[in-house]
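Q: So the sequence lines, in the order shown, correspond to chains A and B. Okay, so the first sequence: first residue is 0 according to numbering that gives the first Met the number 0, each after it adds one. Okay, so the second sequence: first residue is 0 according to numbering that gives the first Met the number 0, each after it adds one.
Since the hints were made in silico from the structure, they are not lab data. Be aware that a few hints might be false.
Here are the simulated EDC-like cross-link-like pairs (lysine to aspartate or glutamate), alpha carbons at most 20 Å apart as the crow flies [unchecked claim]:
| hint | chain 1 | residue 1 | chain 2 | residue 2 |
| --- | --- | --- | --- | --- |
| 1 | B | Lys-302 | B | Asp-268 |
| 2 | B | Lys-123 | A | Asp-11 |
| 3 | B | Lys-124 | A | Glu-10 |
| 4 | B | Lys-123 | A | Glu-10 |
| 5 | B | Lys-124 | A | Asp-11 |
| 6 | B | Lys-123 | A | Asp-12 |
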Amino acid sequence: MRDIIEGPPGEDDAPLPWRIRLMWFAGLAVAGSAATAVVAYALRALLKL
Amino acid sequence: MAVLGDLDALVLARLQFAFTIAFHIIFPSFSIGLASFLAVLEGLWLSTRREVFRNLYLFWVKVFALSFGMGVVSGVVMSYQLGTNWSVFSATAAPIIGPAFAFEVLTAFFLEASFLGIMLFGWKKVGPGLHFTATALVAIGTLISAFWILSANSWMQAPAGFAIQPDGSLIATDWWAVVFNPTFPVRLAHMALAAFLTTALAVGGASAFVLLRDRDQPESRMALRMAIGMFAIVAPLQLVVGHTSGEVVREHQPLKTAAIEAYWQTRADQPQGLVGWPDRKAAKTHGEIAIPGIGNAIQGVSKETVIQGLDAWPREDWPVVGLVYWAFRVMVGLGLAMIGLGVWGVWRCYRGGPETSPWFLRASVLMGPMGFVAVIAGWIVAEAGRQPYVIYGVLRTRDAVSPVGAGQVSVSLLAFMIVYAIVFSAGAIYILRLMNRGPAPHEEAATPEDRAPGSAMAAAGEEQ
Chain A
0 MRDIIEGPPG EDDAPLPWRI RLMWFAGLAV AGSAATAVVA YALRALLKL
Chain B
0 MAVLGDLDAL VLARLQFAFT IAFHIIFPSF SIGLASFLAV LEGLWLSTRR EVFRNLYLFW
60 VKVFALSFGM GVVSGVVMSY QLGTNWSVFS ATAAPIIGPA FAFEVLTAFF LEASFLGIML
120 FGWKKVGPGL HFTATALVAI GTLISAFWIL SANSWMQAPA GFAIQPDGSL IATDWWAVVF
180 NPTFPVRLAH MALAAFLTTA LAVGGASAFV LLRDRDQPES RMALRMAIGM FAIVAPLQLV
240 VGHTSGEVVR EHQPLKTAAI EAYWQTRADQ PQGLVGWPDR KAAKTHGEIA IPGIGNAIQG
300 VSKETVIQGL DAWPREDWPV VGLVYWAFRV MVGLGLAMIG LGVWGVWRCY RGGPETSPWF
360 LRASVLMGPM GFVAVIAGWI VAEAGRQPYV IYGVLRTRDA VSPVGAGQVS VSLLAFMIVY
420 AIVFSAGAIY ILRLMNRGPA PHEEAATPED RAPGSAMAAA GEEQ
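Please work from the sequences and hints to get the whole structure.
A: Here's what the structure looks like:
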C-alpha cells in the first residue's frame with residue numbers, strides 16, 4: 000500500500016511543466032471514469048440486462 | 000438453516016436488507032468524514048508546509064481508500080437487492096427512486112471515481128495544487144452522494160410530489176417536492192454531522208491508541224487535537240440538529256415518534272420516558288423511569304397539545320416498539336457521551352495536553368468505534384420506526400417484497416453472511432492493523448536523524 004499510494008514531490012524535485020501536469024490530471028480523471036464505466040457495463044453484460 | 004427455514008420470505012428479505020445495510024452504512028459514514036478530513040489536512044499542509052499534516056494525510060488516505068472500496072462493494076449489493084428481494088417496491092417506486100439513484104451515480108460516484116485515481120496515484124504527476132483540487136472534489140463527491148441517498152430515503156419517510164397511477168405505480172408530479180421532501184434537509188444535516196463525528200471519533204481513538212504507547216508521537220498528537228476540536232463543536236451541534244429532526248418526524252411520522260417515546264396513549268402532557276422495557280403486547284413500559292410534565296416540551300409543543308400515542312393506530316400497524324425505543328436511546332446516549340468527551344478533551348488541552356492523561360486516552364480509544372454504533376442505531380430508528388410501511392403511508396413492506404420463496408432468500412442471506420464475514424473481516428483487520436501501527440514520517444522524511452538541521456522538518460519535529 001505504501002508503495003502504491005504516491006506522496007507529494009520532494010522539495011528538491013523540479014516540478015513538471017504545467018502542460019504535462021494538466022495532461023496527467025485530465026488523463027487520470029478520464030481513466031478513473033472509464034474504469035468505473037467498464038466495471039458497470041461488465042456487470043450489466045454479466046446480468047444480461 | 001433450519002432456523003432460517005422457519006421464517007417466511009418477507010422476514011428473511013428484511014433480515015437480509017438489515018444485515019447488508021448495517022454493514023454498508025459503516026463505510027460511507029466513515030469515508031464521507033475522512034474525505035473532508037483529508038482535504039483539510041492537505042489544505043493545511045499546502046498553507047503551512049508542516050510535515051505533520053502531510054504525514055497524517057499519507058496515513059489516513061490508505062484507510063480512506065480501503066473504506067471507500069468496501070463502501071462501493073457493499074453498496075452495489077444494496078441496489079441489486081432492490082431488484083431481487085423487493086421487486087414490487089422497485090416496480091412501484093422506480094420512476095421516483097430510480098432517478099435519485101441515477102443522479103447519485105452520475106453526479107457523485109463518477110466524480111469520486113474520476114478524482115480518486117489522482118488522489119491516490121497522482122501527487123507527483125499533477126503537483127500539489129491540482130492534487131488538492133482532486134482531494135477536494137472527492138470530498139465534495141461524498142457529500143453529493145449523501146445528498147441523493149438521503150433525498151431518496153427521506154422521500155420514503157415522508158413522500159411528496161407524486162401521484163399514484165391506475166396500475167399502482169408512482170410518478171413524480173413535482174420533482175422539486177420529491178427531492179426536497181419535508182424530512183430531507185434536516186436528515187441530510189443530521190447524517191452529514193454523524194459522518195463527521197464518526198470520523199472524528201475513529202481518528203481520535205486511533206491516535207489515542209498510539210499515544211498510549213508513545214505520547215510524543217507528533218502526528219497522533221496533532222490528529223487527537225483536531226479530533227477533539229471536531230467533536231467539541233459538532234457533537235453539541237448534532238444534539239440541536241437531531242432534536243430538530245425529531246420535531247420534523249413528529250410532524251410527518253407521528254407513529255414513529257410514538258414508538259420512539261413509547262407513548263402508548265394519545266393524550267396531552269405526555270411524560271418523558273428515560274429508560275424502561277416496552278411491552279408491545281401489554282401496551283405498557285415495564286420498570287419505566289419517566290419525568291412527568293416535560294414530554295410535550297421536548298417535542299416542541301405546548302403542554303395542552305394532544306400528542307398521538309400508539310393507541311391511535313391499529314395494533315398490527317405498530318413497529319417493533321422496543322427496538323425503536325432502545326435504538327433511539329443508544330443513539331442519544333452515545334451522542335451525550337460524545338459531548339462529554341469533547342468537553343473533557345478541550346479541558347485537557349488547557350491542562351497540559353490530552354496526551355498527558357491516560358484516562359482521557361483510554362476513554363478516546365473506547366469511544367473510537369462508538370460513532371459507528373450511533374449511526375447504526377440511528378438508522379434502526381429511521382427504518383424500523385417507519386414500519387409497517389416501506390413508503391410511509393403509501394406502500395406496506397409486506398406488499399413490497401418479491402414473489403420469491405423463503406428457501407431462495409435463505410440461501411442468498413447465508414451466502415451474504417459467509418462472504419461478508421470473510422471479505423469485511425479481512426478489510427477491517429487490515430484497517431485496524433494500519434491504525435495500530437499509526438502514522439509515520441513520510442519515507443522521504445525518514446527518521447529525525449535524517450532531517451537537516453534548521454530545515455522545516457526539523458523545526459516541526461522540535462516543535463512537537
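Q: Hint by hint, note whether the structure agrees.
A: To see whether the hints hold, each was checked on the structure:
{"no.": "1", "hint": "B:Lys-302 with B:Asp-268", "verdict": "holds (5 Å)"}
{"no.": "2", "hint": "B:Lys-123 with A:Asp-11", "verdict": "holds (12 Å)"}
{"no.": "3", "hint": "B:Lys-124 with A:Glu-10", "verdict": "holds (14 Å)"}
{"no.": "4", "hint": "B:Lys-123 with A:Glu-10", "verdict": "holds (11 Å)"}
{"no.": "5", "hint": "B:Lys-124 with A:Asp-11", "verdict": "holds (15 Å)"}
{"no.": "6", "hint": "B:Lys-123 with A:Asp-12", "verdict": "holds (9 Å)"}
When each numbered hint is compared with the structure, no violation occurs for any of them.
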